[in-house]
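Trainee: One letter stands for each residue in the lines below.
Number of protein chains: 2
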Amino acid sequence: MANIKNVAIRAGVSVTTVSRVLNSRGYISKETRRKVEEAMAELNYSPNQIARALQKSQSHILGMIVPDLNHPFFSELIKHVEMSATEKQYKILICNSLDQSEKEANYISMLSENRVDGIIMCSHTLDVEAYKKLHLPIVTFDRIISNQFPYVASDNFRGGEIATEHLIAAGCKRLLHISGPLNLDLLANRRADAFKLICLKHNLPYTIIEGLNSNLTFEYFTDFIENEVAGSLSNFDGVFCSNDIVAYALYLYATENGIKVPEQLKIIGYDFHSFTRMLKTPQLTTIAQPIKRLGKVLSSTIIDMIENKDQDTINNTVVDVELMKGQTT
Amino acid sequence: MANIKNVAIRAGVSVTTVSRVLNSRGYISKETRRKVEEAMAELNYSPNQIARALQKSQSHILGMIVPDLNHPFFSELIKHVEMSATEKQYKILICNSLDQSEKEANYISMLSENRVDGIIMCSHTLDVEAYKKLHLPIVTFDRIISNQFPYVASDNFRGGEIATEHLIAAGCKRLLHISGPLNLDLLANRRADAFKLICLKHNLPYTIIEGLNSNLTFEYFTDFIENEVAGSLSNFDGVFCSNDIVAYALYLYATENGIKVPEQLKIIGYDFHSFTRMLKTPQLTTIAQPIKRLGKVLSSTIIDMIENKDQDTINNTVVDVELMKGQTT
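First to last, the sequence lines map onto chains E and U. Taken in order, the first sequence gives residues 25 to 353; the numbers are from my numbering. Taken in order, the second sequence gives residues 25 to 353; the numbers are from my numbering.
Hints in this document: simulated from the structure, not taken from any laboratory. Wrong hints could be hidden among the right ones.
[Said to hold, decoys possible] Derived SDA-like pairs: lysine to any residue, alpha-carbon spacing no greater than 25 angstroms straight-line:
1. K29(U) x K304(E)
2. K157(E) x L276(U)
3. K349(U) x S324(U)
4. K320(E) x L211(U)
5. K349(U) x T305(E)
6. K304(E) x N47(U)
7. K316(U) x K220(E)
8. K156(U) x A26(E)
9. K127(U) x D328(E)
10. K127(E) x N130(U)
11. K349(E) x D247(U)
12. K304(U) x K320(E)
13. K304(U) x K127(E)
14. K316(U) x D123(E)
15. K284(U) x V285(E)
16. K29(E) x L160(U)
17. K304(E) x T40(U)
18. K127(E) x Q82(U)
19. K320(U) x A129(E)
20. K156(E) x A194(E)
21. K304(E) x G282(U)
22. K304(E) x G350(U)
23. K320(U) x K156(E)
24. K156(E) x L67(U)
25. K59(U) x A129(E)
[Unchecked claim] The following residues of chain U were derived to be distant from chain E, with all beta-carbon distances above 12 angstroms:
26. K29
27. V39
28. R58
29. E100
30. M107
31. N138
32. R139
33. L224
34. Y230
35. F248
36. A273
37. S324
38. D328
39. V342
40. K349
Glycine is no exception: its CB is placed at the ideal position from the N, C-alpha and C atoms.
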């Protein structure tokens, strides 16, 4: 395989000149650049990025840790992070933590050993200490782990407000919120905070049932509805679910048990990812997170941190959410 | 940050000995290994994988090119490839080609420049020449691009047989198959081959309508049904769809237009990915591809090729499929 010396000889220039062309550094005349590029093309020369990464201490690889990459929300988020990062010549190393702290710790050391330039952390694990110890740019999704690391989130509080106000405007008087685990310091908990405050404002009774985030599958949510929610479901006429999959599982449970949706029970979800967009039987009422925008901002935030190392400012980004009226309210 | 010399000094051994421990090469006594490992732990030493990759010409990174990583089939496939590769210390660089040849060509040169150890190719593009030029282990999914590269596929012919026989056994006499683009040399075309042969065997008329694969979204399939299928739908009493998303789009079109499923029209899909597993309204009848197993085999095939470089044998793998009886037949 051709190396940089072969290219220099073929182009009739020095190795330093070829290196300058490769790295777009220093002054190079148009003519010289043309000669070098021709020589590279003729020799089918492919610059060894690993060698350049070592030299420049930059790999142009971002690590992205998600709880489950087959979950429609995260697969869509990864897609948009990847598309946006590719435009800036960054690649994505994918890590599927399954929210297991041990698996995540292995990933973190693996990413660090591979000298990724930065990490996008979208996991829900309790253990954030391992991240704080890394000497790497990190951006988190929907989570504040330290004031050193910026976060990107959708406006969870506003989403909770809109969802609860929508149920109340539709006539609901006995409200339930099915949330994720509130013991984790996730920004998604603001949805539950807003739910409480809006119910208090309207002098309405409210209940919150906490789920687990360690398993985001439909099977888990179906069991969860049967075991944790079914017994008290007749007490409620409106349910705000913290994600669309649990909302659909609740819809199925209700209709299979003779409860008419939306006449007797109104259901609103959260996310509006590809599963919800495809589902038409029924179309769920839900709060749409702008997943494409979240992916773009995660990508641009981490790349800005990598490329402007001396910047001290931490830019958190909160993007807006939107009500999607469907057939379940 | 600690380097290998610091570790050697702390452990009271030579740099060569530390290197042997890191690479599991040559004889090392238990006691020496313990001393080196303790020194590494005390110094928080993280071996620089990039430097080791250069030295060993191995990055332990696999490139994986998919048409759309948000598609439920591919996000599930990636998940299982990743989980399986991680067990063998390989990481996955994700490339989302959107089936655009130009985007894919950029990815291929990027992967080659980053010295990935191998590529898992799951795209549908026409252009396979770029892959053949690479001096890299490649495994393809559902596609034969050359007898130098092994492929992994589910038994598409068998899937087509089972689906068509199922429709005929349920009483269908006028059959339609909605397929992907048959001009591409994809193994999925065997589903259409089997459909034809089974109809011929039973002396039944049949029609095939070809779709495009460049866009796998629900919106595309909804438009496709309205523009390409709706006009002639009344001619058929059984439809074998080449994927579950088009099957669901067809179900929605039929029910919205007063055609009763399964009484007047029977529909069978293909894939049984996470979307189909979650969908209960209705539960689609479909052919299940064993996605977990496909992911595992893709991962083990490419890693075997990388680690046993002198092996000449090409091992193609075809895994079995299964009928999942739902409510649409």
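Trainee: Report the numbers of all earlier hints that the structure fails to satisfy, in ascending order.
Mentor: 1, 2, 3, 4, 6, 7, 10, 12, 13, 17, 20, 23, 29, 30, 31, 32, 36
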